[in-house]
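Peer 1: Going line by line, the protein sequences match chains A and B.
To convert, note that position 148 of the first sequence is 488 in my numbering; the numbers rise steadily by one, no gaps.
To convert, note that position 43 of the second sequence is 383 in my numbering; the numbers rise steadily by one, no gaps.
Keep in mind the hints are simulated off the structure, nothing from the lab.
Don't take each hint at face value.
In silico SDA-like cross-links for lysine to any residue, where the CA-CA straight-line distance does not exceed 25 Å [as the list claims (entries may be wrong)]:
hint, chain 1, residue 1, chain 2, residue 2
1, B, K343, A, P425
2, A, K387, B, R428
3, A, K454, B, E472
4, B, K454, B, R524
5, A, K343, B, L426
6, A, K343, B, K454
7, B, K387, A, V480
8, A, K387, B, K454
9, A, K454, B, K343
10, A, K387, B, Y475
11, B, K454, A, R469
12, B, K387, A, E427
13, A, K387, B, K343
14, B, K343, A, A424
15, A, K387, B, K387
16, B, K387, A, L426
17, B, K362, A, R428
18, A, K387, B, G495
19, A, K387, B, E473
20, B, K454, A, R483
21, A, K387, B, K362
22, A, K387, B, P422
23, B, K387, A, K454
24, B, K387, A, H419
25, A, K362, B, R428
26, A, K362, B, K387
27, A, K454, B, E427
28, B, K343, A, L426
29, B, K387, A, A486
30, A, K454, B, R469
31, A, K454, B, D493
32, B, K387, A, P422
33, B, K387, A, K343
34, B, K387, A, Y475
35, B, K387, A, A424
If the Cβ cut is set under 7 Å, some of the chain A residues that face chain B in the computed set are [to be verified]:
hint, residue
36, F384
37, Q439
38, H440
Glycine residues also receive a C-beta, built at the ideal position from the N, C-alpha and C atoms.
Each chain, written out:
Protein chains: 2
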Amino acid sequence: MLKIYAMQSSGNCYKVRLLLSKLGVPFELIDVDLLRGENRTPDFLMKNPEGRVPLLELPGGRYLPESNAILFYLAEGTHLLPGAPLERAEVLRWMFFEQHSHEPNIGAARFWLKLVRGGRELRTHDIDRWMEEGYAALGVMERHLARRPFFVDGGLTIADIALYAHTHAAAEGDFDLGGFPSVRAWLARVAALPGHVGMDWRPEPRNQLVNMA
Amino acid sequence: MLKIYAMQSSGNCYKVRLLLSKLGVPFELIDVDLLRGENRTPDFLMKNPEGRVPLLELPGGRYLPESNAILFYLAEGTHLLPGAPLERAEVLRWMFFEQHSHEPNIGAARFWLKLVRGGRELRTHDIDRWMEEGYAALGVMERHLARRPFFVDGGLTIADIALYAHTHAAAEGDFDLGGFPSVRAWLARVAALPGHVGMDWRPEPRNQLVNMA
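Just chain A, same shape as in the assembly (with noise of 0.2 Å):
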């Protein structure tokens, strides 16, 4: 079975998760709390020396690190990824503008801002640059949705479910979505497909921690 070591608060993870759900995939979920520094012990460091999580185990014990090459992965074959080489460029086209615009603004603003005790204080030099470009993003993403239902035209896509996953908690990083009425809808139309769970959804008991001590 696929492992996942994971934080749950992590939007990042919350992609992997919610991505496994929409495929109706059995994991095993393995909390790994970053905040409590489970990520730099040794034995997390021989899986990932970055320390970073998601992080997927596959079976015969290689591992694949980044949460949107772990979607790219998992995805492949199924509905969420198109066939078309076109296409599969627009999904990574968004994925890579999750990364580089998206993420390092809204996300990191709703993990310094929310999950970290006393983060407000320490990267108080770091919120006006978050709000603005997070913002810009927020714009990039309105000016697209307001003419589409998805990202990619043919339905939702893993470029979706990355985006989906900082977005829909932006206002943890004091992010307000008032303006932005096609982003939303699209988080509500995001919401309303099948298999969609939540950020505080874990898989069964019996598909998690089988293998643990």
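For this one, chain A is given, so just place chain B on it according to the hints.
Peer 2: Positioned in the frame of chain A, the structure of chain B alone reads:
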């Protein structure tokens, strides 16, 4: 013929020229100078509302932005993008790393410190962060490359091309590669392979600007 809208001195744009040189694919190069605002004209914003380069124009008038999505699209079916799902995902893993952890620091430092007149004064408050996070990214690359010749087993891929573009010019952003011998050896390996071109390379004149007024 493929059209590439690009700025010659941009690392993200260089990635695309380097790939097309290696593949021997002819293309038309159309200069867009960000420093003169040529990416903010109504005509260019019709092509890419985000005003970014590189931008790929395909026959039929479709456009694809995001350098790494362009690389993935153009490399599909070639020896520079493996066919096996896990190897493809590993290529993407490093390309997401490049856009999330590498280019926003190493590329941004070069852009503001080398290319933009007065950029050092404008972005003084960002330099410490670029240095800290950029050296961390170089450390990740150094550890990975200490045990393998290229980022993904099997030879050169678009992951190497994506990471080469900004890394080979890191000194122009004040980074010192002296402490990263495996990174330097990898840079030399990449540059020694067939079809390699430097950042100043342009395609033959017959392949460029033929449709420009």
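Peer 1: For every hint, state whether the structure bears it out.
Peer 2: Hints, verified against the model:
A hinted pair counts as satisfied when its Cα atoms are at most 25 Å apart, and K343(B) with P425(A) qualifies at roughly 18 Å. For the given pair, K387(A) sits about 20 Å from R428(B) by alpha-carbon distance, which is consistent with the 25 Å threshold. Simply put, K454(A) and E472(B) have alpha-carbon atoms about 24 Å apart, close enough for the 25 Å limit, and the pair holds. As the CA atoms of K454(B) and R524(B) are separated by approximately 21 Å, the hinted pair is consistent with the 25 Å bound.
Pair hint K343(A) plus L426(B) holds up; C-alpha atoms about 15 Å apart against a cutoff of 25 Å. Taking the CA atoms of K343(A) and K454(B), the gap is near 45 Å; set against the 25 Å cutoff, the hint is violated. Between K387(B) and V480(A) the CA atoms are separated by roughly 14 Å; this keeps the pair inside 25 Å, and the hint holds. Distance check on the hinted pair: K387(A) and K454(B) sit about 38 Å apart at the alpha-carbon level, beyond 25 Å; violated.
Distance restraint check for K454(A) and K343(B): the Cα-Cα separation of roughly 45 Å exceeds the 25 Å cut-off, and the hinted pair is therefore not satisfied. A distance of roughly 22 Å separates the Cα atoms of K387(A) and Y475(B); the hinted pair therefore holds under the 25 Å criterion. For the hint pairing K454(B) with R469(A), the CA-to-CA distance comes to about 22 Å; that is within 25 Å, so the pair holds. Under the criterion of a C-alpha separation no larger than 25 Å, the hint pairing K387(B) with E427(A) is consistent with the structure, at around 18 Å.
Only pairs whose Cα atoms come within 25 Å are accepted, and K387(A) paired with K343(B) is rejected, the gap being roughly 42 Å. Of the supplied pair hints, the one linking K343(B) and A424(A) holds, its CA atoms being roughly 20 Å apart against a limit of 25 Å. In summary, the hint linking K387(A) to K387(B) is not supported, as the alpha carbons are separated by about 43 Å, beyond the 25 Å threshold. Pair hint K387(B) plus L426(A) holds up; C-alpha atoms about 16 Å apart against a cutoff of 25 Å.
Pair hint K362(B) plus R428(A) holds up; C-alpha atoms about 22 Å apart against a cutoff of 25 Å. At roughly 23 Å between alpha-carbon atoms, K387(A) and G495(B) fall within 25 Å of each other, so this suggested pair holds. Proximity of K387(A) to E473(B) is assessed by CA-CA distance (about 22 Å); at most 25 Å being required, the pair is judged to hold. Restraint check for K454(B) and R483(A): the C-alpha separation of about 33 Å exceeds 25 Å, so the hint is violated.
Annotation: proposed proximity of K387(A) to K362(B) is violated, straight-line Cα distance about 34 Å (limit 25 Å). Among the hinted pairs, K387(A) with P422(B) is consistent with the structure: their alpha-carbon atoms are about 23 Å apart, no more than 25 Å. Restraint check for K387(B) and K454(A): not satisfied, since their Cα atoms lie roughly 38 Å apart, outside the 25 Å limit. For the proposed pair K387(B) and H419(A), the alpha carbon gap of about 29 Å is over 25 Å, so the pair is violated.
Annotation: proposed proximity of K362(A) to R428(B) holds, straight-line Cα distance about 22 Å (limit 25 Å). With a C-alpha separation of about 34 Å, the suggested pairing of K362(A) with K387(B) is violated against the 25 Å cut-off. Distance hint between K454(A) and E427(B) is unfulfilled; the C-alpha atoms sit about 36 Å from each other, more than 25 Å. Distance restraint check for K343(B) and L426(A): the Cα-Cα separation of roughly 15 Å lies within the 25 Å cut-off, and the hinted pair is therefore satisfied.
Taken as a hint, the K387(B) and A486(A) pair is honoured in the structure, with Cα atoms around 17 Å apart against an allowance of 25 Å. For the suggested pair K454(A) and R469(B), the alpha carbons sit about 22 Å apart, so the restraint of at most 25 Å is met. Distance check on the hinted pair: K454(A) and D493(B) sit about 39 Å apart at the alpha-carbon level, beyond 25 Å; violated. Between K387(B) and P422(A) the CA atoms are separated by roughly 23 Å; this keeps the pair inside 25 Å, and the hint holds.
Taking the CA atoms of K387(B) and K343(A), the gap is near 42 Å; set against the 25 Å cutoff, the hint is violated. In summary, the hint linking K387(B) to Y475(A) is supported, as the alpha carbons are separated by about 22 Å, within the 25 Å threshold. Straight-line distance between C-alpha atoms of K387(B) and A424(A) comes to about 22 Å, which keeps the hinted pair within the 25 Å bound. Interface restraint check for F384(A): the shortest CB-CB distance to chain B comes to about 15 Å, outside 7 Å, so the restraint is violated.
Taking 7 Å as the C-beta contact cut-off toward chain B, the hint placing Q439(A) at the interface holds, the least distance being around 4 Å. Using the Cβ-Cβ criterion of 7 Å, the hint placing H440(A) at the interface with chain B is satisfied: the shortest such distance is roughly 4 Å.
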